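Take these sequences, add in the hints, and give me the full structure.
Protein chains in written order, with this note's numbering: chain A, 3 to 548; chain B, 41 to 252.
Hints are computed from structural coordinates only; laboratory data are not their basis.
Predicted model only: the values in this text are computed from it and were never measured.
The C-beta atom is built at its ideal place from N, Cα and C for all residues, glycine as well.
Just to be clear, a hint being listed does not mean it is correct.
No more than 16 Å apart at the CA atoms, straight line, and that leaves these computed lysine to aspartate or glutamate pairs for EDC-like [what the hints assert, rightly or not]:
1) 185(A) with 200(A)
2) 95(A) with 320(A)
3) 64(A) with 82(A)
4) 95(A) with 160(B)
5) 117(A) with 234(B)
Covered, in the sense of this in silico footprint (three residues per stretch, anywhere, with C-beta under 8 Å from a C-beta of chain A), are these stretches of chain B [claimed, not checked]:
6) 117-130
7) 233-239
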Amino acid sequence: MATTTTPAADSTETCDVLIYGTGLVESVVAAALAWQGTNVLHIDSNPYYGGSWAALNLDELKAWTDRVNDAASNNTPFSDAYLYISRNLDPRKYAIDLSPHILFTRSDFLNLLIKSRVSRYLEFKPLGSFHTFEQDSFEKVPGTKEDIFTSQTLTLLTKRSLMRFMKFVIDWEQNSTIWQEYKDEPISKFLDERFGLDAPQIVELVHSIGLLPTPKAPTELALGAIKRYLTSMQVYGNFPAMYSMYGTGGELAQGFCRSAAVAGAVYRLGTKLIGFDETTSEAELDSGEKIKVTEKIISSEGVIAGDEEITRMVAVVEKDCKEWFAEGESSAVVIFPVDTLDGNRYAVQVLVMGSGSGQCPSGQAIWYLSTQESGEQGRKYLYVALEKLEETILRESTEDFEFDVNEEEISYLPNGLPVISSVRLGESLRNFSPKESLKYLLKLTYSQKVTVSPLEPTADSKVIYTIAPSIDLAFEGIVDQAKGLYELVTGTTDDFFDVDFEDEDDDATATAAAADTDIRDVAEDKDDDVVGHHSDFEEVAGEMTI
Amino acid sequence: MAGARDSSSGTRFAQFKLVLLGESAVGKSSLVLRFVKDQFDDYRESTIGAAFLTQTIALDESTTIKFEIWDTAGQERYKSLAPMYYRNANCAVVVYDITQASSLDKAKSWVKELQRQANENIIIALAGNKLDLNAKRQVETSVADAYARESGLLFFETSAKTGESVTELFTAIAKRLPLETASTRTRAAPKGVDLSRPSRRAPAQSNNGCTC
Numbered sequence: 003m004a005t006t007t008t009p010a011a012d013s014t015e016t017c018d019v020l021i022y023g024t025g026l027v028e029s030v031v032a033a034a035l036a037w038q039g040t041n042v043l044h045i046d047s048n049p050y051y052g053g054s055w056a057a058l059n060l061d062e063l064k065a066w067t068d069r070v071n072d073a074a075s076n077n078t079p080f081s082d083a084y085l086y087i088s089r090n091l092d093p094r095k096y097a098i099d100l101s102p103h104i105l106f107t108r109s110d111f112l113n114l115l116i117k118s119r120v121s122r123y124l125e126f127k128p129l130g131s132f133h134t135f136e137q138d139s140f141e142k143v144p145g146t147k148e149d150i151f152t153s154q155t156l157t158l159l160t161k162r163s164l165m166r167f168m169k170f171v172i173d174w175e176q177n178s179t180i181w182q183e184y185k186d187e188p189i190s191k192f193l194d195e196r197f198g199l200d201a202p203q204i205v206e207l208v209h210s211i212g213l214l215p216t217p218k219a220p221t222e223l224a225l226g227a228i229k230r231y232l233t234s235m236q237v238y239g240n241f242p243a244m245y246s247m248y249g250t251g252g253e254l255a256q257g258f259c260r261s262a263a264v265a266g267a268v269y270r271l272g273t274k275l276i277g278f279d280e281t282t283s284e285a286e287l288d289s290g291e292k293i294k295v296t297e298k299i300i301s302s303e304g305v306i307a308g309d310e311e312i313t314r315m316v317a318v319v320e321k322d323c324k325e326w327f328a329e330g331e332s333s334a335v336v337i338f339p340v341d342t343l344d345g346n347r348y349a350v351q352v353l354v355m356g357s358g359s360g361q362c363p364s365g366q367a368i369w370y371l372s373t374q375e376s377g378e379q380g381r382k383y384l385y386v387a388l389e390k391l392e393e394t395i396l397r398e399s400t401e402d403f404e405f406d407v408n409e410e411e412i413s414y415l416p417n418g419l420p421v422i423s424s425v426r427l428g429e430s431l432r433n434f435s436p437k438e439s440l441k442y443l444l445k446l447t448y449s450q451k452v453t454v455s456p457l458e459p460t461a462d463s464k465v466i467y468t469i470a471p472s473i474d475l476a477f478e479g480i481v482d483q484a485k486g487l488y489e490l491v492t493g494t495t496d497d498f499f500d501v502d503f504e505d506e507d508d509d510a511t512a513t514a515a516a517a518d519t520d521i522r523d524v525a526e527d528k529d530d531d532v533v534g535h536h537s538d539f540e541e542v543a544g545e546m547t548i
Numbered sequence: 041m042a043g044a045r046d047s048s049s050g051t052r053f054a055q056f057k058l059v060l061l062g063e064s065a066v067g068k069s070s071l072v073l074r075f076v077k078d079q080f081d082d083y084r085e086s087t088i089g090a091a092f093l094t095q096t097i098a099l100d101e102s103t104t105i106k107f108e109i110w111d112t113a114g115q116e117r118y119k120s121l122a123p124m125y126y127r128n129a130n131c132a133v134v135v136y137d138i139t140q141a142s143s144l145d146k147a148k149s150w151v152k153e154l155q156r157q158a159n160e161n162i163i164i165a166l167a168g169n170k171l172d173l174n175a176k177r178q179v180e181t182s183v184a185d186a187y188a189r190e191s192g193l194l195f196f197e198t199s200a201k202t203g204e205s206v207t208e209l210f211t212a213i214a215k216r217l218p219l220e221t222a223s224t225r226t227r228a229a230p231k232g233v234d235l236s237r238p239s240r241r242a243p244a245q246s247n248n249g250c251t252c
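Here is the structure:
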């Protein structure tokens, strides 16, 4: 791609800020600077947008794998990639997300997407299904008060404790006397001692609602994480999170880059920065051109700043996985808490994307697994989790559960009922599971350096290095990082995206009206179905108020 | 040009994504500006607008078509258009400058790029712009017309400056769009979350939405 154009042959071009890498944070900064009036040149060594956040088609993914495994030239946060792709897949029908993330409906990042109007380039899908893996099955997480009230499995005492906690956590910041002494203590200890919550509820609150890797997470951090889920419910409907179609982070990066371009930023993909002379302030591109940079270079390539390594796995399966999705949705989160996979110290988080995400063809789904455990150990836990996922989807998606068993494996009880040898059942799922087995169309494992705690970017010279994507499954810290970089260039964040769009168009409402039908209709249908529950709920609510 | 937008009277309303392509400075933005706002600016440097522009055409008494028009924002200069740009585009206008022979070659390569990147059934129109500079013409009408015919493209010569054939270009595209399927796929993709419509229910204390 880089070779197909002839760049302007005139001598030295000038820009205020040269941004190297089109990852999410860099793209947000590019747009913010461009709209503020800064002359931005934004380049990327890849022929695609998104850097570590990109969603790649299968051809791009193969090239990425080669690049990541070539230790000498690897300048990404990724390593140790193992890729299997079955034959006869159409490479362009897939978008494999290198760092999949979800967007909470009440978050600083969504606010920025709307304010910057970048959201208008994107199509968001709801994500309301959060499951916790318990005792070989997926439990739907009770994320709202009504879920708790209507739960058939929770005791009244537990419901009461949970309600007390949920009431507290909504404005926990104001109630510091309750948690101050636990500030740096594990959240599990706090929930147990202060609210008398039982282990299963603690697991769900920490892992599936807070999306935290371990119940040892410090209380102060964990409370914020739990709150973001709870306050995100019912903002746009009965789901706390969303994601953009065709790629979760990469699409957002493309959107911000387009926004920057509209404001005048210049874009060049497939272009490497090969040198920078601090004395002359000249950057050299691999095309041979020299660019005079008057202010700063912001680079996400070259220095890999990440303080922890996580392990990822991507599996494309020939199953739509709709059993795991809420009605009208096409994705789900499944959490394997600590100690559910042969002694895992950290949770395994799984983001399941069905074909409605635009990431794979219909009849298929993509499973994105990740864990904070690194290396061989991390891969081991991911494979155990993969096995559990496979067992579960085969069990749940098979209507007539037919066993393929030999006559010898069947014994008979005194009353004549046949029993299948249970030892054999435990030995190998494949022997007795449905006629079909799960077909994997793609498998990929790799390691990724991430930042655990959001760090402030620092600039010792004219060159500022950005940091690797964060470990969080949500887009936590993106806005703060972008603001930090913006401030290093402009000296303030006062005018960060302070844009007065001149072409305020009148038809936003018309578009909204046209789009108004489906989700709302679905939501209202649901309301009708649960009228009975509501009256129960009101009664219980009255009784439960403390 | 503004079409009536009466959703209660059973009229058909369809929305389509239109993308612009072509070499820098052939007048892509000017064409759109003429079509959408009936304006022309001699010194326009680059692309207008914050997101994309929209314009509505009343095809007949019962059919209204709304174009969501995406400009390249200069990202074509170094062949750095994002996949997002082509995604779900229903139609494209590939622009060249009749006074620059090389710009038709570029247009041809953009048509190839569209056939590679965009929906299979995308409707493509070729527009030879700057018809007001006919005296400096380098591309004969017959040459471009022959190319358009053999490639199955709509073809117009336009002038964003005088407005000649601009409306005709967009109307011809509108007439070719698949209206039968439009009502169910207004943006060529399934609808997602509407961010302009937060839930009517108060968050954190709603009493609806059981998920069992």
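Going through the hints against the structure:
| no. | hint | result |
| --- | --- | --- |
| 1 | 185(A) with 200(A) | violated (20 Å) |
| 2 | 95(A) with 320(A) | holds (14 Å) |
| 3 | 64(A) with 82(A) | holds (13 Å) |
| 4 | 95(A) with 160(B) | holds (13 Å) |
| 5 | 117(A) with 234(B) | holds (15 Å) |
| 6 | 117-130 | holds (count 9) |
| 7 | 233-239 | holds (count 7) |
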